[in-house]
Amino acid sequence: MLRYLLRRTGLSLLLLFVVATILFFSIHLLPGDPVLLILGGDAAQPTPEQIATVRAKLGLDKPLWLQYVTWLERVIRGDLGRSLVDDRPVARDLANRLPRTLQLVVPATLIATALGVPLGMFAARRRGRLADPLASSTALLGFSMPVFVVGMLLVALFSITLGWLPPTGYVPFGEDPLGFLRHLILPAVALAAAPMAITMRMTRSSFLEQSSLDYVRTARAKGLPEPAVAWRHVLKNALLPVVTVVGLQIGGMFAGAVLVEYIFSWPGLNTLLLNSISTRDYPIIQGVVLLAAVLFVFVNLITDLCYAFVNPRIRYE
Amino acid sequence: MSEAAGRPARPPLRHRLRRHAQILVALPLLAALVLVAAAAPILVAHEPNTLNPRAKVQPPGRVYVLGTDEFGRDLLSRLAYGARITLIVAFASVILAAVGGTALGTVAAYAGRVAEAAIMRTMDGMLCFPPILLGIFVVTFLGQSLANLILVIGVLYIPRFTRVVHSSTLAIRELEYVESARALGSSAVRIIARAILPNILAPILVQASLAAGHAILMESGLSFLGLGPPPPAPSWGRMVEQSGRYMQLSLLPIIWPSAAISVTVLAFNLLGDGLRDLLDPRLRK
Chain A
1 MLRYLLRRTG LSLLLLFVVA TILFFSIHLL PGDPVLLILG GDAAQPTPEQ
51 IATVRAKLGL DKPLWLQYVT WLERVIRGDL GRSLVDDRPV ARDLANRLPR
101 TLQLVVPATL IATALGVPLG MFAARRRGRL ADPLASSTAL LGFSMPVFVV
151 GMLLVALFSI TLGWLPPTGY VPFGEDPLGF LRHLILPAVA LAAAPMAITM
201 RMTRSSFLEQ SSLDYVRTAR AKGLPEPAVA WRHVLKNALL PVVTVVGLQI
251 GGMFAGAVLV EYIFSWPGLN TLLLNSISTR DYPIIQGVVL LAAVLFVFVN
301 LITDLCYAFV NPRIRYE
Chain B
318 MSEAAGRPAR PPLRHRLRRH AQILVALPLL AALVLVAAAA PILVAHEPNT
368 LNPRAKVQPP GRVYVLGTDE FGRDLLSRLA YGARITLIVA FASVILAAVG
418 GTALGTVAAY AGRVAEAAIM RTMDGMLCFP PILLGIFVVT FLGQSLANLI
468 LVIGVLYIPR FTRVVHSSTL AIRELEYVES ARALGSSAVR IIARAILPNI
518 LAPILVQASL AAGHAILMES GLSFLGLGPP PPAPSWGRMV EQSGRYMQLS
568 LLPIIWPSAA ISVTVLAFNL LGDGLRDLLD PRLRK
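One line per chain: the protein sequences are A and B, in this order. For the first sequence, the positions run 1 to 317 when the numbering used here is used. For the second sequence, the positions run 318 to 602 when the numbering used here is used.
Quick caveat, the hints were computed from the structure, so don't treat them as lab data. For each residue, glycine too, the CB sits at the ideal point set by N, CA and C. Please note that a few of the clues may not be correct.
Some chain B residues close to chain A (C-beta under 7 angstroms, calculated; not the full set) [as the list claims (entries may be wrong)]:
| no. | residue |
| --- | --- |
| 1 | Gly-442 |
| 2 | Cys-445 |
| 3 | Pro-447 |
| 4 | Ile-449 |
| 5 | Thr-457 |
| 6 | Gln-461 |
| 7 | Leu-463 |
| 8 | Phe-541 |
| 9 | Met-564 |
| 10 | Leu-566 |
| 11 | Ile-571 |
| 12 | Ser-575 |
| 13 | Ile-578 |
Restraint ranges, calculated between C-beta atoms of paired labels, are given here [claimed, not checked]:
| no. | chain 1 | residue 1 | chain 2 | residue 2 | range |
| --- | --- | --- | --- | --- | --- |
| 14 | B | Tyr-563 | A | Trp-65 | 51 to 61 angstroms |
| 15 | A | Leu-66 | B | Gly-460 | 23 to 33 angstroms |
| 16 | B | Gly-460 | A | Pro-172 | 33 to 43 angstroms |
| 17 | A | Pro-48 | B | Val-380 | 54 to 64 angstroms |
| 18 | A | Arg-127 | B | Phe-388 | 44 to 54 angstroms |
| 19 | A | Leu-58 | B | Ala-348 | 49 to 59 angstroms |
Produce the complete structure using the sequences and hints provided.
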């Protein structure tokens, strides 16, 4: 296990290096000039001296490889630069916002898994009857609907029409736990819809695959009641691939959170990102994108380790 | 399993019909959509961008079949013209991604270990970024336009195709008929074009159909955030966002484009699922 852990962690670090490199070079290969963005775009008609000053301040006058090494070194130290608008360190802004995005992503993951797995198992056990195609089609519709459509329809139904829940806003948990939960329900459900559908489909097909294996026949042949076969034998093995899917979903939810935070005015990472688009505050945009990729790699690493922990075959590969 | 007899037993008709049912639902939907998009000027009575201050947020009626938005623009017409944006972005970006991914994937499989590692690790790295975040990042730099949207989405989906093509090519490369082509002195380019590409077309097609669904989700998401083609272009994502602002007045202007996006993505997903079942014999049970 230790060897697997070390190898897998090393690979993740390598991947992070690739991720940072892609980000750095995508900034430098894109035609938009950050210096012009800072000085207010072409319309502001900055003088050549202004351009040269900003260029020197950002270190853009140095050779590309030197910029790359400097940038990488700073990123490793956690220095993501300063906001162009208010000159605050980007890393501090990210640290303030990240917990609020997690407050959205963690409950959404719990909802998606807590509903997706039982529904998938339910559909698999009723294969060939009406409930299965019904559940499967609902799942297909579930991940064909964009997250913002789900969010807007939830607002339309539960806030505008029924008036049960607030349409937008955020209340810190420490100030008003009940208010926090009331504001959390709709965005968390919107964010959970597609991952739930995907988890359900995965559970269903994995459960069906396991059901046709020999050990299940043995379990039935020795006279175990059907629920015991399903819960104790099949589910345990069927959940293995689901672990990976749930991990991938958590990574993907940071993307869905962009739109959900926008709809519900949830002051997380992505609202920070979207505010920075209009001001062209590119260090912040870059910081959020990098953080999302790092979280993605990290979540996948944890998922793989969990997977190896529950499935000994992986460890001795 | 009666496969010992030589040919696998045909599954019961009920199952075969159900397998094709997905494609049978998806194709007419997509055909109708293409038709609406192509014939939009003939089909609808109003211009998509004509304002009518005396008919703001109208309910469906005889003049405006689906009603109007907050500027008095005809919703049916905007939906029909919006289909053009959606389909152009979906097709063009998927073609870009498929061509790019196929080129990179075959090169990775054939060009030796260093190139292979460089290409495949870069793809792994790209897949770590949530696509929409990278999309936001790039569009902010490049500026909003239909072409930039296609470019961004197309490039973002290259890694998926590269992976599919790379693994399929590696598997096929070792087969005997490819080996015999090599023994006969065919060049690598000829082997790829004549022996490998025709055989990996099926997974590419499946991937293309699913990617088209993803591309539409992404295009409408970026449009929803105001990063799509600039107004007054009637993109569906922007229509959802704009009509969300006067939800209290009427819910219909938000429901039409929402349904349009969902049904289109659903159709591409159904097609992809159906094609996978149809083309991938390993999944047949």
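Checked hints:
no. : hint                                        : in the structure
1   : Gly-442                                     : 4 angstroms, holds
2   : Cys-445                                     : 4 angstroms, holds
3   : Pro-447                                     : 3 angstroms, holds
4   : Ile-449                                     : 5 angstroms, holds
5   : Thr-457                                     : 5 angstroms, holds
6   : Gln-461                                     : 11 angstroms, violated
7   : Leu-463                                     : 17 angstroms, violated
8   : Phe-541                                     : 5 angstroms, holds
9   : Met-564                                     : 5 angstroms, holds
10  : Leu-566                                     : 10 angstroms, violated
11  : Ile-571                                     : 6 angstroms, holds
12  : Ser-575                                     : 4 angstroms, holds
13  : Ile-578                                     : 6 angstroms, holds
14  : B:Tyr-563 <-> A:Trp-65: 51 to 61 angstroms  : 53 angstroms, holds
15  : A:Leu-66 <-> B:Gly-460: 23 to 33 angstroms  : 29 angstroms, holds
16  : B:Gly-460 <-> A:Pro-172: 33 to 43 angstroms : 37 angstroms, holds
17  : A:Pro-48 <-> B:Val-380: 54 to 64 angstroms  : 57 angstroms, holds
18  : A:Arg-127 <-> B:Phe-388: 44 to 54 angstroms : 51 angstroms, holds
19  : A:Leu-58 <-> B:Ala-348: 49 to 59 angstroms  : 52 angstroms, holds
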